[in-house]
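S.K.: Listed below, chain by chain, are the residues.
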Amino acid sequence: MTWDFDRNRPIYLQIGEEICRRIVRGDLPPGARTPSVRELAAELRVNPNTVQRAYQELERNGVLFARRGQGSFVREDPALVGRLRQQIAAAAARRYWTEVAALGMSPEEARRLIAGVIHDDKSSLR
Amino acid sequence: MSEWALEVEQLAKKFPGVQALRGVDLTIPRGVTVGLLGPNGSGKSTLMRILAGVQRPSAGEVRVLGRRPGRETKERVAYVPEVEHLYPWMDVDEALRFTAAVFLDFNPDRAEEMLALAGLDREARIGDLSKGYRARLKLVLAMARDAELVLLDEPLSGIDLISREKVLDGFLRGHRPGETTVVITTHLVREVEPLLDRVAFLKEGRVVLDGEAEALRAKRGCSIEDLYREVFA
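Top to bottom, those sequences are chains A and B.
Numbered continuously in the numbering used here, the first sequence closes out at residue 126.
Numbered continuously in the numbering used here, the second sequence closes out at residue 359.
Watch out, some of these pointers could steer you wrong.
Which chain B residues face chain A? A few, computed with CB under 7 Å, are given here [stated by the list, open to error]: (1) E220; (2) T225; (3) V228; (4) S283; (5) L298; (6) P320; (7) D336; (8) G337; (9) C348.
Pair ranges (Cβ atoms, derived) [said to hold, decoys possible]: (10) A/R25 / B/G284: 38 to 46 Å; (11) B/H313 / A/R38: 26 to 34 Å; (12) B/F358 / A/D77: 47 to 55 Å; (13) B/A227 / A/E59: 40 to 48 Å.
Anything over 12 Å on all C-beta distances counts as not near chain B; from chain A, calculated [what the hints assert, rightly or not]: (14) R7; (15) V37; (16) E43; (17) P48; (18) N61; (19) L84; (20) A92; (21) L103.
Just so you know, these hints were derived from the structure itself, not from any lab.
Here a beta-carbon is modelled for each residue, glycine too, at the ideal position from N, C-alpha and C.
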C-alpha cells in the first residue's frame, strides 16, 4: 500500500507524524528500532534524504535517539507515549474545530455535534 | 573534488531554426535528486544531452562533476535517454554484460537485486519486451552502476502504472543518497515529486524557478505539482 500524504505540506513533517502515530498505536513501542531510512523510503516511496531529515527532527525533539551504526530507536521514556498521544489528538481536535467553525458553527453546536458522534460510535460498538 | 555536481552558466543551444536553450543558469550540489520539470519543448532533453556529453552547447559554461562534459565525465555519468537506445537483438543478460564491459563502475550484486525487483527475465530478448519492461531494464542498467551522476530523461513517460511503480521502486532501491546525484526530467510531476530533493522549472529554454522541494512546499503552502501549474499555465 502506498501511504498517501498531503502534498501541500513538507513531507518530512508528515513522516515524523506517521512515526509518532506508530509509537502511540504500539506498532513502535519504546526501545524499538525504527525502520531503516532505506526501508521506510521504499515503503513510503519518498526520497531517503527526506526520511533522514524526519528522523533527525524526531531525534531533536527527544522522540528517537540514534545509536551509532545501528540506526534509530524510540526513546525509553515512560511519558513519551502519553505526550505524543496528547499532541496528535490535540491536532486532530484543532482540525475539527477549524473546519466546523469555517462552516459557521458555534462552539456550543460543535460540542453537541462531537458529543453526538462519540455517542453514536459507542452505541454502534455494542 | 568539486562540491557541485552540476554548474551551468548562461548555457545556450541553437539548432537550425530553433533556440532550444536561452541562457540556463543552474547549480546542483552533490548527492541530491533533482527534478528538471517543464512541458514538452522547454529544453529538458537538450540540457540532459549536453550534461551527458553527447551534444555540445552553442554558448555558455557547463561543468559536470567539476569538469567539461567529455570522455572522462562519461565514465562517471549514467545517462538514460528517452529514446530506445538498447539493441533489440540482445537479450537482457547480454545487455547487462555489455554494460558491465563498457563501464568499470558496474555493480553486479546491485544489478542482480534490481533485476529481480523489476521482474525481468535474463533470457528475454529486448525486442520482445513490452515498452514497460524496456523502461524497467533501462533503469536497471543505469542504477546498477556506481555512477556519480545519473541522468534519467523521462523515465516514466508512456508506460503503464505498474511499470511506473516498478521504475520508482527500482530507483529507490538502487539510489545511494548522499553519494549519487540524480537528475530526472518528467512532466509526471505528481508521481515523481516525493522523490525529489530539489526542483528546477525549465520554461522556454531558461530556468525560471529552482529550489529545495520541501522549502518550496513550506513557503508556498502548495505541492510542487500546484507550483508547476502556476508556472506553466
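S.K.: All hints are to be evaluated individually against the structure, with a verdict given for each.
M.R.: Here is how each hint holds up against the structure:
{"no.": "1", "hint": "E220", "result": "violated, 29 Å"}
{"no.": "2", "hint": "T225", "result": "violated, 24 Å"}
{"no.": "3", "hint": "V228", "result": "violated, 28 Å"}
{"no.": "4", "hint": "S283", "result": "violated, 18 Å"}
{"no.": "5", "hint": "L298", "result": "holds, 5 Å"}
{"no.": "6", "hint": "P320", "result": "holds, 4 Å"}
{"no.": "7", "hint": "D336", "result": "violated, 17 Å"}
{"no.": "8", "hint": "G337", "result": "violated, 13 Å"}
{"no.": "9", "hint": "C348", "result": "holds, 5 Å"}
{"no.": "10", "hint": "A/R25 / B/G284: 38 to 46 Å", "result": "holds, 41 Å"}
{"no.": "11", "hint": "B/H313 / A/R38: 26 to 34 Å", "result": "holds, 28 Å"}
{"no.": "12", "hint": "B/F358 / A/D77: 47 to 55 Å", "result": "holds, 48 Å"}
{"no.": "13", "hint": "B/A227 / A/E59: 40 to 48 Å", "result": "holds, 45 Å"}
{"no.": "14", "hint": "R7", "result": "violated, 3 Å"}
{"no.": "15", "hint": "V37", "result": "violated, 8 Å"}
{"no.": "16", "hint": "E43", "result": "violated, 9 Å"}
{"no.": "17", "hint": "P48", "result": "violated, 4 Å"}
{"no.": "18", "hint": "N61", "result": "holds, 17 Å"}
{"no.": "19", "hint": "L84", "result": "holds, 22 Å"}
{"no.": "20", "hint": "A92", "result": "holds, 20 Å"}
{"no.": "21", "hint": "L103", "result": "holds, 21 Å"}
Violation of the numbered hints given earlier is confined to hints 1, 2, 3, 4, 7, 8, 14, 15, 16 and 17; the remaining hints are satisfied by the structure.
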